[in-house]
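S.K.: If you want the building blocks of each chain, they are given just below.
There are 2 protein chains.
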Amino acid sequence: MDPNKTEIENEMQSLQDRICAGLEKLDGEGRFKEDPWKRKEGGGGRTRTIQGAIIEKGGVNFSAVHGKTPDKILKALKLKESDFFATGVSIVLHPFHPLIPIIHMNVRYFEMSNGVYWFGGGVDVTPHYIDMDASVGFHESVKKICDASDRSFYPRFKSWADKYFYLPHRKENRGIGGIFFDRLDHKTENLTKSQLFDFVIHLGDQFVSLYTPFVLDNKDKSFSDRQKEWQFHRRGRYVEFNLVWDKGTKFGLDTGGRTESILMSLPPEAAWTYNFEIPPNSKERETQELLSLGEFPLPEKLQGSHDQ
Amino acid sequence: MDPNKTEIENEMQSLQDRICAGLEKLDGEGRFKEDPWKRKEGGGGRTRTIQGAIIEKGGVNFSAVHGKTPDKILKALKLKESDFFATGVSIVLHPFHPLIPIIHMNVRYFEMSNGVYWFGGGVDVTPHYIDMDASVGFHESVKKICDASDRSFYPRFKSWADKYFYLPHRKENRGIGGIFFDRLDHKTENLTKSQLFDFVIHLGDQFVSLYTPFVLDNKDKSFSDRQKEWQFHRRGRYVEFNLVWDKGTKFGLDTGGRTESILMSLPPEAAWTYNFEIPPNSKERETQELLSLGEFPLPEKLQGSHDQ
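Just so you know, the protein sequences line up as chains A and B, in that order. First residue of the first sequence? That's 1 in the numbering used here, and the numbers climb one at a time after it. First residue of the second sequence? That's 1 in the numbering used here, and the numbers climb one at a time after it.
Quick caveat, the hints were computed from the structure, so don't treat them as lab data. What you are looking at is a predicted structure, and each value in this text was computed from that prediction instead of being measured. Please note that a few of the clues may not be correct.
Okay, derived cross-link-like pairs now, DSS-like style, lysine-lysine, Cα gap no bigger than 27 Å in a straight line [to be verified]:
no.	chain 1	residue 1	chain 2	residue 2
1	A	Lys250	B	Lys40
2	A	Lys247	B	Lys75
3	B	Lys171	A	Lys301
4	A	Lys247	B	Lys221
5	B	Lys171	A	Lys40
6	A	Lys171	B	Lys171
Turn these sequences into a full structure, and let the hints guide you.
M.R.: This is how it looks when you write it as structure tokens:
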């Protein structure tokens with residue numbers, strides 16, 4: 001049977017609990033602080049933040065809100081009026097260590113009083129330094145999660161992420177991508193609502209496992225001031241993407257969303273240098289060049305999974 | 001006689017020279033580096049940046065560009081096609097010292113092949129800590145500059161700045177404002193084109209004098225880690241304004257402007273803390289409360305200058 005909004009909300013809330021427990025274990029020291037909030041127009045959420053040994057600034061937000069559908073959505077869907085309900089979990093982790101990447105995940109569900117609903121979300125990684133083996137490993141794991149639901153998902157959602165996490169004014173990607181998807185329902189996909197719900201929850205439950213290798217492989221490596229400087233520079237680009245191009249952030253700020261929960265995604269510190277110079281033949285240059293490809297280059301084994 | 005575009009361009013370029021010379025003197029140590037650039041579609045500019053004893057990161061940009069008028073402007077003016085020419089000087093200075101404010105100025109001229117032209121610009125100050133006496137002094141000086149051209153300018157342009165430099169998602173102003181104006185011509189104002197031109201150049205020439213008292217009154221004061229932390233937090237808000245709300249930045253990035261010159265305005269370093277806590281009865285709280293008024297509160301002597 002198709003899950004209803006209360007079931008989806010409850011499951012999203014438990015997902016937040018499971019992810020926070022997993023991250024506390026991974027970090028080893030940090031403990032989440034919870035900040036519950038209510039939305040004047042209906043609903044609310046629990047914003048949880050952590051500062052630990054590995055994670056310099058992390059947030060795991062759960063929300064379930066409802067009310068009159070915002071005009072922007074009504075306009076896009078050519079509707080006069082409707083009520084909406086939206087619930088989801090979103091995560092951004094900024095690590096101390098410059099060799100550990102930033103990671104972002106979001107799973108969300110939206111429905112309106114006219115019966116229209118959709119699932120959206122994704123997971124993507126923003127390394128300060130791109131390690132190709134680790135990046136391919138991440139994409140392989142994400143592909144496996146996708147393939148368990150639908151073999152068309154990974155190739156479609158991987159391209160969607162490459163396009164979405166792109167900074168036109170820098171002509172570069174935010175990171176190595178991952179997957180991004182939106183407005184999935186039983187009509188757009190060959191899956192039932194219940195199966196789509198299973199997919200997003202399964203993705204959420206794999207979040208900690210997806211991040212773990214990046215943490216364990218790097219946390220004990222030493223790093224230099226130059227690597228920290230590069231990290232701050234890359235974090236500046238992260239800020240630029242989120243504030244200038246990210247549709248979710250824009251939509252949230254425009255429609256009076258909870259600012260502190262939306263901007264939880266911003267790094268603890270970031271830096272901007274005019275015409276930042278990247279030396280040739282450096283690790284920084286290597287990363288910059290990979291980001292400038294416009295898409296994360298997949299090895300053959302991960303391509304064309306459609307008909308395998 | 002009305003100045004033509006070449007005369008305006010030349011004067012803007014000399015204005016950049018005069019301001020840079022004045023700022024080098026004020027800073028005492030830093031020297032501007034020049035980065036000349038060309039725009040593929042026509043024209044170019046000279047971006048000058050400084051890192052000195054007082055100024056941690058400063059930029060003074062001159063540009064004079066031309067080409068096909070961007071669609072956004074054509075649409076707003078209900079025009080089919082036209083060529084445009086735009087020239088101006090824009091400045092942002094981020095000081096090291098948390099008691100010295102950030103300052104921004106811009107003067108610009110725009111014209112189209114159909115004869116339409118306008119002047120725009122303004123000057124405004126973003127203190128990390130608002131000192132009321134210094135702030136009122138700044139507004140008095142700006143009023144004097146305005147009054148020399150037209151006694152309606154200051155009250156109109158002061159309100160315009162309060163509205164423009166506002167962060168809706170934070171419900172706060174960026175700083176203490178100043179003046180902001182746009183689309184001034186001989187039809188909107190009781191002044192000739194030549195008089196409007198004199199006004200913007202005169203404003204530009206007063207820039208260094210406007211900043212000087214803020215620098216001299218504070219540069220030798222000691223400051224604490226907590227004040228630096230607050231400075232980084234306030235700089236975060238500066239980033240948020242420029243990337244989320246500033247129409248000039250948005251327009252520049254959307255129309256393929258020169259990214260490094262546009263984002264020269266971003267601070268050297270900024271910080272974001274989830275739910276940053278401001279203690280009651282602190283200098284930080286005082287500043288926060290003044291920013292939350294929605295407009296900079298003027299003393300009586302500066303109000304209603306219209307009919308004095």
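S.K.: Would you mind marking each hint as holding or not holding in the structure?
M.R.: Okay, the hints, checked on the actual structure:
Between lysine 250 of chain A and lysine 40 of chain B the alpha-carbon distance is near 31 Å, which puts this suggested pair outside the 27 Å criterion. A C-alpha spacing of about 24 Å is found between lysine 247 of chain A and lysine 75 of chain B, which places the hinted pair at or below 27 Å, so the restraint holds. The suggested pairing of lysine 171 of chain B with lysine 301 of chain A is violated, with an alpha-carbon distance near 51 Å, which exceeds 27 Å. About 43 Å separates the Cα atoms of lysine 247 of chain A and lysine 221 of chain B, which puts this hinted pair outside 27 Å; it is violated.
Our distance criterion of 27 Å between C-alpha atoms is met by lysine 171 of chain B and lysine 40 of chain A, whose separation comes to about 16 Å. Restraint check: the Cα-Cα separation between lysine 171 of chain A and lysine 171 of chain B comes to about 33 Å, which exceeds 27 Å; the hinted pair is violated.
Checked against the numbered hints above, the structure violates hints 1, 3, 4, 6; every other hint is satisfied.
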